[in-house]
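Asker: In this note's numbering, the protein residues as written are 9 to 175.
Everything labelled a hint here was simulated from the structure, so no lab data went into it. Note that the coordinates shown come from a computational prediction; the quantities given were computed from them, not determined experimentally. Be a bit skeptical, because a hint or two may be false.
Claimed, not checked - Each computed SDA-like pair below joins lysine to any residue, with the alpha-carbon atoms no more than 25 Å apart:
(1) Lys17 <-> Gly66
(2) Lys120 <-> Pro97
(3) Lys120 <-> Asp159
(4) Lys120 <-> Ile98
(5) Lys17 <-> Tyr59
(6) Lys120 <-> Pro154
(7) Lys17 <-> Ala65
(8) Lys120 <-> Arg136
(9) Lys15 <-> Ala36
(10) Lys17 <-> Glu77
(11) Lys15 <-> Val71
(12) Lys17 <-> Leu52
(13) Lys120 <-> Gln157
(14) Lys17 <-> Pro97
(15) Lys15 <-> Ser63
(16) Lys17 <-> Ile98
(17) Lys15 <-> Glu33
(18) Lys15 <-> Val25
(19) Lys120 <-> Val155
(20) Lys120 <-> Glu77
(21) Lys17 <-> Thr51
(22) Lys17 <-> Phe39
(23) Lys120 <-> Gly66
(24) Lys120 <-> Pro164
(25) Lys120 <-> Val75
(26) Lys15 <-> Gly156
(27) Lys17 <-> Ala35
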Amino acid sequence: MLRDLIKEKDFTEILGVDVSARALEVAARRFERTPERVRQRLTLRQSALTYVDRSLAGYDAAVLMEVIEHVDESRLPALEHSVFGAARPITVIVTTPNVEYNVRFPTLPAGKSRHPDHRFEWTRAQFRTWADGVAERNGYAVRYLPVGQDDPEVGPPTQLAVFEVAA
9 MLRDLIKEKD FTEILGVDVS ARALEVAARR FERTPERVRQ RLTLRQSALT YVDRSLAGYD
69 AAVLMEVIEH VDESRLPALE HSVFGAARPI TVIVTTPNVE YNVRFPTLPA GKSRHPDHRF
129 EWTRAQFRTW ADGVAERNGY AVRYLPVGQD DPEVGPPTQL AVFEVAA
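Please construct the entire structure, taking both the sequences and the accompanying hints into account.
Answerer: Listed below in structure tokens is the structure:
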């Protein structure tokens with residue numbers, strides 16, 4: 009995603025955050041050949057979204073793309089406080105797998121997660137319950153969009169919520 013964002017000149021400052029130093033090293037190598045004037049808009053930072061990091065405050069938007077399912081459910085209130093309370097960007101986009109869609113993956117055994125590190129995978133109803141609560145508790149409006157083909161029986165493969173600070 010950083011590669012796509014950095015191509016857009018409208019984004020004057022892009023911050024990539026990961027808890028893994030190794031993932032950040034890999035990301036940094038991907039941008040080694042990027043012109044310096046473009047790279048100056050990109051910062052990579054190690055941080056955990058379950059802890060308040062004041063340096064993450066002040067941004068217009070945050071994207072948690074396939075992040076929440078890697079956090080223990082018991083730690084989601086901490087992530088909520090850190091992102092929606094302390095950092096409080098104007099817009100937050102969250103994506104997560106739709107577990108209902110897993111039946112459409114022929115090589116994925118029933119009851120197994122898409123990735124071994126997933127702590128959970130939610131149904132559409134579970135995701136909406138969580139996101140509606142986050143929005144209500146933190147003064148955001150939320151809307152939902154499908155990512156991928158929206159299967160009439162099980163929904164899309166990925167769920168997306170767009171949170172915007174309520175007026």
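Asker: Now tell me if each hint is right for this structure.
Answerer: Here is what the structure says about each hint:
1. Lys17 <-> Gly66: holds (19 Å)
2. Lys120 <-> Pro97: violated (34 Å)
3. Lys120 <-> Asp159: Holds - the C-alpha atoms of Asp159 and Lys120 are around 20 Å apart, at most 25 Å.
4. Lys120 <-> Ile98: It is violated: about 35 Å lies between the C-alpha atoms, which goes past 25 Å.
5. Lys17 <-> Tyr59: violated (31 Å)
6. Lys120 <-> Pro154: holds (22 Å)
7. Lys17 <-> Ala65: holds (22 Å)
8. Lys120 <-> Arg136: OK: Lys120 and Arg136 at ~22 Å, within 25 Å.
9. Lys15 <-> Ala36: holds (16 Å)
10. Lys17 <-> Glu77: violated (31 Å)
11. Lys15 <-> Val71: At roughly 17 Å apart (the allowed maximum being 25 Å), Val71 and Lys15 satisfy the hint.
12. Lys17 <-> Leu52: Holds, at roughly 18 Å.
13. Lys120 <-> Gln157: holds (21 Å)
14. Lys17 <-> Pro97: Roughly 20 Å between the alpha carbons, so the hint for Lys17 and Pro97 holds.
15. Lys15 <-> Ser63: holds (24 Å)
16. Lys17 <-> Ile98: Satisfied, since the Cα-Cα distance of roughly 20 Å is no more than 25 Å.
17. Lys15 <-> Glu33: Roughly 20 Å between the alpha carbons, so the hint for Lys15 and Glu33 holds.
18. Lys15 <-> Val25: holds (18 Å)
19. Lys120 <-> Val155: Holds: Lys120 and Val155 sit about 21 Å apart, inside 25 Å.
20. Lys120 <-> Glu77: With Cα atoms ~14 Å apart, Lys120 and Glu77 stay inside 25 Å; holds.
21. Lys17 <-> Thr51: Holds, at roughly 15 Å.
22. Lys17 <-> Phe39: holds (16 Å)
23. Lys120 <-> Gly66: Violated, at about 38 Å.
24. Lys120 <-> Pro164: holds (18 Å)
25. Lys120 <-> Val75: holds (18 Å)
26. Lys15 <-> Gly156: holds (23 Å)
27. Lys17 <-> Ala35: The hint holds at about 20 Å.
Hints 2, 4, 5, 10 and 23 from the earlier list are contradicted by this structure; the remaining hints agree with it.
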